[in-house]
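Please construct the entire structure, taking both the sequences and the accompanying hints into account.
Quick note on numbering: the sequence shown equals residues 252 to 804 in this note's numbering.
DSBU-like cross-link-like pairs, simulated, lysine-lysine; straight-line CA separation at most 35 Å: (1) Lys604 x Lys582; (2) Lys582 x Lys696; (3) Lys696 x Lys604; (4) Lys482 x Lys453; (5) Lys582 x Lys482; (6) Lys784 x Lys482; (7) Lys784 x Lys453.
Ranges of calculated distance between the beta carbons of each label pair, as one might list FRET restraints: (8) Gly663 x Ser638: 16 to 26 Å; (9) Gln695 x Ser742: 47 to 57 Å; (10) Ala699 x Pro620: 21 to 31 Å; (11) Asp614 x Ser783: 56 to 66 Å; (12) Ser664 x Gly388: 37 to 47 Å; (13) Thr552 x Val309: 42 to 52 Å; (14) Ala365 x Pro620: 36 to 46 Å; (15) Thr552 x Ser638: 29 to 39 Å; (16) Gly388 x Gly761: 31 to 41 Å; (17) Val368 x Ser563: 28 to 38 Å.
Note that these hints are calculated values from the structure, not bench results.
Model, not experiment: these values are computed from the prediction.
For each residue, glycine too, the CB sits at the ideal point set by N, CA and C.
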Amino acid sequence: MKKIAALILSVVFASSAFGASAPTQRYLVATRAALAADRIGTLIRDIEPTPQPQNRNVVTFQSVNGFAADLTAGEAAALAQSAGVRYVEPVVERHAFDLVAPKTGNSDAINPFAQTVPFGIDLVHARDVWPVTRGQGINVVVADTGVDYTHPDLVAVYAGGYNTFNTAIPPMDDNDHGTHVSGTIAAQDNNFGVVGVAPGVKLWAVKVLDSTGSGSSARMITAIDWTINQKNALGGNWVMNFSLGSTMPSSLEQEAFARAISAGILICAASGNESTATVPAPLDYPAAYPDVMAIGAVDSTRAIASFSNEGSGLAVVAPGVSVLSTVPVGKGTAAGVSSSAGSFVANEIELSKRGTVTAGFVDCSLGNPGDFPAGVAGRIAVIKRGSISFNAKAHNAVSAGAMAIIIYNNDGSSLNFTLKNDADPGASTFNWPVTVALSLVDGQKLLANGSGQITVTDQADDYDVFSGTSMATPHAVGVAALVWSAAPGDSAAQIRQAMTSTADDLGATGFDMVFGNGLLDALGAAKAVAPSKFGNSGTPAPAAGKSRAVRHH
252 MKKIAALILS
262 VVFASSAFGA
272 SAPTQRYLVA
282 TRAALAADRI
292 GTLIRDIEPT
302 PQPQNRNVVT
312 FQSVNGFAAD
322 LTAGEAAALA
332 QSAGVRYVEP
342 VVERHAFDLV
352 APKTGNSDAI
362 NPFAQTVPFG
372 IDLVHARDVW
382 PVTRGQGINV
392 VVADTGVDYT
402 HPDLVAVYAG
412 GYNTFNTAIP
422 PMDDNDHGTH
432 VSGTIAAQDN
442 NFGVVGVAPG
452 VKLWAVKVLD
462 STGSGSSARM
472 ITAIDWTINQ
482 KNALGGNWVM
492 NFSLGSTMPS
502 SLEQEAFARA
512 ISAGILICAA
522 SGNESTATVP
532 APLDYPAAYP
542 DVMAIGAVDS
552 TRAIASFSNE
562 GSGLAVVAPG
572 VSVLSTVPVG
582 KGTAAGVSSS
592 AGSFVANEIE
602 LSKRGTVTAG
612 FVDCSLGNPG
622 DFPAGVAGRI
632 AVIKRGSISF
642 NAKAHNAVSA
652 GAMAIIIYNN
662 DGSSLNFTLK
672 NDADPGASTF
682 NWPVTVALSL
692 VDGQKLLANG
702 SGQITVTDQA
712 DDYDVFSGTS
722 MATPHAVGVA
732 ALVWSAAPGD
742 SAAQIRQAMT
752 STADDLGATG
762 FDMVFGNGLL
772 DALGAAKAVA
782 PSKFGNSGTP
792 APAAGKSRAV
802 RHH
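So this is what it looks like as structure tokens:
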């Protein structure tokens, strides 16, 4: 230890010739042995032998031999030549992998009157496992923008965490990405909001991304350090979710991921969102590192998402298009219509006033000036889409005295209503009433069967819809938790093998670089590791899984 410190110290003294005014950037310094924090602190102070040395922001690592520091290019080059240093590399950027998507239909929207089960829960057969386990005993770490641990769907499951930006405060989400990811994994089954794949887990959060969704490889290593320490202190089985990354690898980060995997932690990471419908992109990092489960995305029809990155290291795919989940309290929206004909999940029409209106309703056809009967004043106008713009319909309804507006679709296409268009430049300055959208079927049902008063609501809420491989990854983590909870004595490698070998084969027969080993099947994987718990006393699936080739990295 002393020899290494002396070697680096000599480099530091030599590097002072580069001058205190030289610009610095963040570097990872891989050493040949562990350096105590006080040794590195002395080293860094001696870089700038002035009464007030430049702050080098040193962070030491435990899972790997090395540290992060702000260095000049000259200092980094000099350190790289030291016998006590293996290599020096700049930190690389890491960012959240999500695409904010408009709601495309009622299946995407939150039901403000009851709990909504997002489509992905059943697409991966999570509810088929719940009679046996909901993930109890499994620890899940979401390394992301943090989590809103006050969220009503997450507060009961949140176990704690760590903030790499400020260790003195909890990892509260100041973005929305980490909370959305967390809800897909662990939102509670509590008759409101949404429910996650594995609502019985213990949820931990490590904040590695800032309010803009950006972070670095250095913070990723710190997250792994923290998780290994927690696992060593508390025991149990641990899964990590990385819905983030970039195209750039990092050697020291890769060492940290390898260390976590060797410690028995199962790691899932998003494959990346750079593909297009015509040009596929390779796996991003950390998904591309060996033995990390790289997760691609499919939509509700099991078709590959056009943005989902591909490659030989792709493990499986999971739901990642128009995924409904939790967001920080008050940052989402909920719209709906409640009537004697039933409750209908609605979509918010952009620029709508927030609020709730209860009144009688009137069929106002297409919303032309002559379509409004005298009785619409003080009531809710129900208008069919088409003929004229939403802006014109709304102006006409308000002129006729309507208190709120429901616009229902004119065909069976997906709902994708927008008020921002060149044809209606005045839409943004109009004082909109509460205005929501229904599907054609629901609009017709309301008109045909409804009577008396109805309630229309458009409120700030705690749920929203995102797309991305970021959204697919927590589905995989939730499945891993269910499967591991069914067979807690198995290793992370065995759980991973069960997940890949029982995945529903999509695309080309066997493994392919678009779908990997296929779409996750929680029930199939759980049966493979714990057949007796699912009414099957037979022998579990062999290690090779299905007869088709199973490839992982």
